[in-house]
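Peer 1: As you go down the protein sequences, you meet chains A and B in turn. If you count the first sequence from 1, position 256 lands on 256 in the numbering used here, and the numbers rise without skipping. If you count the second sequence from 1, position 118 lands on 1118 in the numbering used here, and the numbers rise without skipping.
No lab work stands behind these hints, which were simulated from the structure alone. Beta carbons: idealized from backbone N, C-alpha and C, even for Gly. Among the hints, erroneous ones may be present.
[Unchecked claim] Derived DSBU-like pairs: lysine-lysine, alpha-carbon spacing no greater than 35 Å straight-line:
1. Lys1055(B) with Lys1220(B)
2. Lys1267(B) with Lys1220(B)
3. Lys1220(B) with Lys216(A)
4. Lys1159(B) with Lys1025(B)
5. Lys198(A) with Lys1141(B)
6. Lys1053(B) with Lys1220(B)
7. Lys1220(B) with Lys190(A)
8. Lys1146(B) with Lys1254(B)
9. Lys242(A) with Lys1002(B)
10. Lys1058(B) with Lys2(A)
11. Lys2(A) with Lys1048(B)
12. Lys288(A) with Lys1146(B)
13. Lys284(A) with Lys1048(B)
14. Lys136(A) with Lys41(A)
15. Lys1254(B) with Lys1141(B)
16. Lys1114(B) with Lys1263(B)
17. Lys2(A) with Lys1267(B)
18. Lys195(A) with Lys136(A)
19. Lys1002(B) with Lys1178(B)
20. Lys1075(B) with Lys1025(B)
21. Lys1220(B) with Lys1254(B)
22. Lys99(A) with Lys1025(B)
23. Lys1220(B) with Lys288(A)
24. Lys288(A) with Lys216(A)
25. Lys1267(B) with Lys1182(B)
26. Lys3(A) with Lys1004(B)
27. Lys1146(B) with Lys1114(B)
28. Lys1182(B) with Lys2(A)
29. Lys283(A) with Lys1075(B)
30. Lys1146(B) with Lys279(A)
31. Lys164(A) with Lys1141(B)
32. Lys1146(B) with Lys242(A)
33. Lys169(A) with Lys1146(B)
[Claimed, not checked] Label pairs and their computed distance ranges (CB to CB):
34. Ile1275(B) with Glu58(A): 53 to 63 Å
35. Leu1233(B) with Glu58(A): 24 to 34 Å
36. Asp213(A) with Glu1228(B): 18 to 28 Å
37. Asp213(A) with Leu1233(B): 26 to 36 Å
38. Asp74(A) with Leu1124(B): 41 to 51 Å
39. Leu1045(B) with Asp74(A): 57 to 67 Å
40. Ser77(A) with Leu1233(B): 26 to 36 Å
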Amino acid sequence: MKKILILILLFMLTGCSSYIELNDLAIINTLGLEKVNDNYKLYASIVNIKEEESLEPEIETYEIEGNSLNQIVDNLSLTLNKKIYMSHLNLLIINDTIKTQELDEIINFFINNNETREDFLVINTNNLEKVIKNSKFQQINDLVENSSRETSKTIYTTMYDVIKNYYDKESIYLPYIASDITLEGLKEFKNNTYKEIKSDDVIYLNYYLNNIDTYKYSITCHNNQNKYLYLNILTSNTSNFKNELLITNEIKIISNDCNYNQDEINNLFNNNLKSNLTKYTNKKITIKNTIRGTYEN
Amino acid sequence: MKIKKIEIRITYFILNLAIFLLNFKNISLLSIIISNILAILFILLFEKTNIYKYKLTKVILTFLSLFFLTYYLNKVTIFIGDNILREYSIIMISLTLLLAIFFLGNKGYHTIIKVILLASYFILFFLIIGYLTTIPYFEFKNITTKLFITNNLFLNTLKYTLLIIYTYFLIYPLSNTKFKTKDLVITNIYQLLTYLFIIGILSLTLTNIYEYPYITIFKKVNLIGFIERIEILPSLNYLFIFFFLLLLSFYQIKYNLNILLKKKNLKYLLILLFILIFLLSLITPRYYILNHYLHSM
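Isolated chain A (complex conformation):
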């Protein structure tokens, strides 16, 4: 009896009933979503698996329309005659037609889909079709990641951030990509509307959100317009207290053609930072800098 039981258990545990051939999977790496006349229009970049071995897989883009996100995905599966596989989704592109109601549906779709990982990048663009057809997800991912890390002029927003900010009823910041695949700052989504934030202003927003990684800062000398003071902001931390915003910076001087001393550099940098931060907060701003490097050239 026991042996029969063990045999039955073994057969139950070693089944491959859910096994699917690689050729029967539609592996999506980029999704584009927009709303056109009360319908969703979905662009999906799908890895085309061919017999020939090549270093770069061929990507094909499909367009499909439908009433709801689930319906579109089902339709796409029927059109391709393949199972939709979103585990390798790396990029979601949306435009200004995606508002609160649509965002709610998108978020629910991803939360209820156990296959996907919500760590993919979400961006906004004004020309969805062109961006998705003329670029690769890796190119956009690298562009946003490098810009966020090296210049602090954008925010690398993942689906986790979108979901969190949506439920916390806070602004959602999405990297804004122009049709020529260049980064044009951010789009802020709040109260069902999108607002553009220029690249240069994103640095101050990042200060407010404590998102600064590193960036370079330059000021023209007051006595000579052709000479500059170059600073490299190595690290920064913003503590958001009840009535105060405390910012600590670690700064390295790259070049000091103006021969400013430490107090002058501190004042110039702090005044500029304070005046720009007043757009985002009414709190008292305190800045503490640690400056390294030579003061005279």
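Position chain B relative to chain A; hints supplied.
Peer 2: Showing chain B alone in chain A's frame:
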């Protein structure tokens, strides 16, 4: 062969972890702290009075174990269906799990303890690996004062206290080893730290949204560019942990029935119990699997 104290303590630790994870969505920081203090007080009091010798206690525990076995069998089945065996029949998973529980539960407490001890190496190893891989994603800014704001504190605390006490009674048929306050405190501090760890990675908002936050944290893992998509390993690890809770709940029923009915051969009663638990697990109010299944026929 005498059971060592350390084996009992490991079993208690695993059972508490299972209860903690299976109720993760309903607990809060305050409810963990208060429940654990109350449970420790009860356990220390119980060690002196020994209410386990009364028949009424055994009857209550049998019914409680039957309820929890049914309820958690359903929960664990859904967990396996969502995270390990996707696209696999829920009924088959439930049946296989129950067969394994009945098979091992009938082996006696020595076998059960030895299996738990063997599995504990695997469990401990993957718990440590889990912490090491997810620690880079921990952010202190997610640990906010919001953690202390909680809904239904009284009900949640009461429920969780009862569950902790229940795990203590599950140990009792195996051995009457007396616990030290130190052992209980270590287990409870571990729960508290794990709770803060998960919140620190996902934030309170996302923790409340996701069905399995303790699995979702592993979806974020991407180390050295290629260690990613590892959530199947913690899923299997948690399956082991949940399995032992179900196993010991069944052993509690069997042990108490043996004493209460004064029968040595419970074969037919156990077959009846098997059918009853299997059917009840399909109609627990949370998922209505049987209703759904009958409706689709």
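Peer 1: Run every hint past the structure and note whether it holds.
Peer 2: Each hint tested on the structure:
no., hint, verdict
1, Lys1055(B) with Lys1220(B), "violated (50 Å)"
2, Lys1267(B) with Lys1220(B), "violated (48 Å)"
3, Lys1220(B) with Lys216(A), "holds (30 Å)"
4, Lys1159(B) with Lys1025(B), "holds (13 Å)"
5, Lys198(A) with Lys1141(B), "holds (27 Å)"
6, Lys1053(B) with Lys1220(B), "violated (49 Å)"
7, Lys1220(B) with Lys190(A), "holds (26 Å)"
8, Lys1146(B) with Lys1254(B), "violated (44 Å)"
9, Lys242(A) with Lys1002(B), "violated (60 Å)"
10, Lys1058(B) with Lys2(A), "holds (30 Å)"
11, Lys2(A) with Lys1048(B), "violated (42 Å)"
12, Lys288(A) with Lys1146(B), "holds (29 Å)"
13, Lys284(A) with Lys1048(B), "violated (59 Å)"
14, Lys136(A) with Lys41(A), "holds (19 Å)"
15, Lys1254(B) with Lys1141(B), "violated (48 Å)"
16, Lys1114(B) with Lys1263(B), "holds (26 Å)"
17, Lys2(A) with Lys1267(B), "holds (14 Å)"
18, Lys195(A) with Lys136(A), "holds (26 Å)"
19, Lys1002(B) with Lys1178(B), "holds (15 Å)"
20, Lys1075(B) with Lys1025(B), "holds (13 Å)"
21, Lys1220(B) with Lys1254(B), "violated (42 Å)"
22, Lys99(A) with Lys1025(B), "holds (29 Å)"
23, Lys1220(B) with Lys288(A), "holds (34 Å)"
24, Lys288(A) with Lys216(A), "holds (18 Å)"
25, Lys1267(B) with Lys1182(B), "violated (41 Å)"
26, Lys3(A) with Lys1004(B), "holds (31 Å)"
27, Lys1146(B) with Lys1114(B), "violated (43 Å)"
28, Lys1182(B) with Lys2(A), "violated (42 Å)"
29, Lys283(A) with Lys1075(B), "violated (48 Å)"
30, Lys1146(B) with Lys279(A), "holds (27 Å)"
31, Lys164(A) with Lys1141(B), "holds (14 Å)"
32, Lys1146(B) with Lys242(A), "holds (15 Å)"
33, Lys169(A) with Lys1146(B), "holds (15 Å)"
34, Ile1275(B) with Glu58(A): 53 to 63 Å, "holds (54 Å)"
35, Leu1233(B) with Glu58(A): 24 to 34 Å, "holds (33 Å)"
36, Asp213(A) with Glu1228(B): 18 to 28 Å, "holds (22 Å)"
37, Asp213(A) with Leu1233(B): 26 to 36 Å, "holds (31 Å)"
38, Asp74(A) with Leu1124(B): 41 to 51 Å, "holds (43 Å)"
39, Leu1045(B) with Asp74(A): 57 to 67 Å, "holds (58 Å)"
40, Ser77(A) with Leu1233(B): 26 to 36 Å, "holds (29 Å)"
Taken one by one, the earlier hints fail for this structure at numbers 1, 2, 6, 8, 9, 11, 13, 15, 21, 25, 27, 28 and 29, listed in ascending order.
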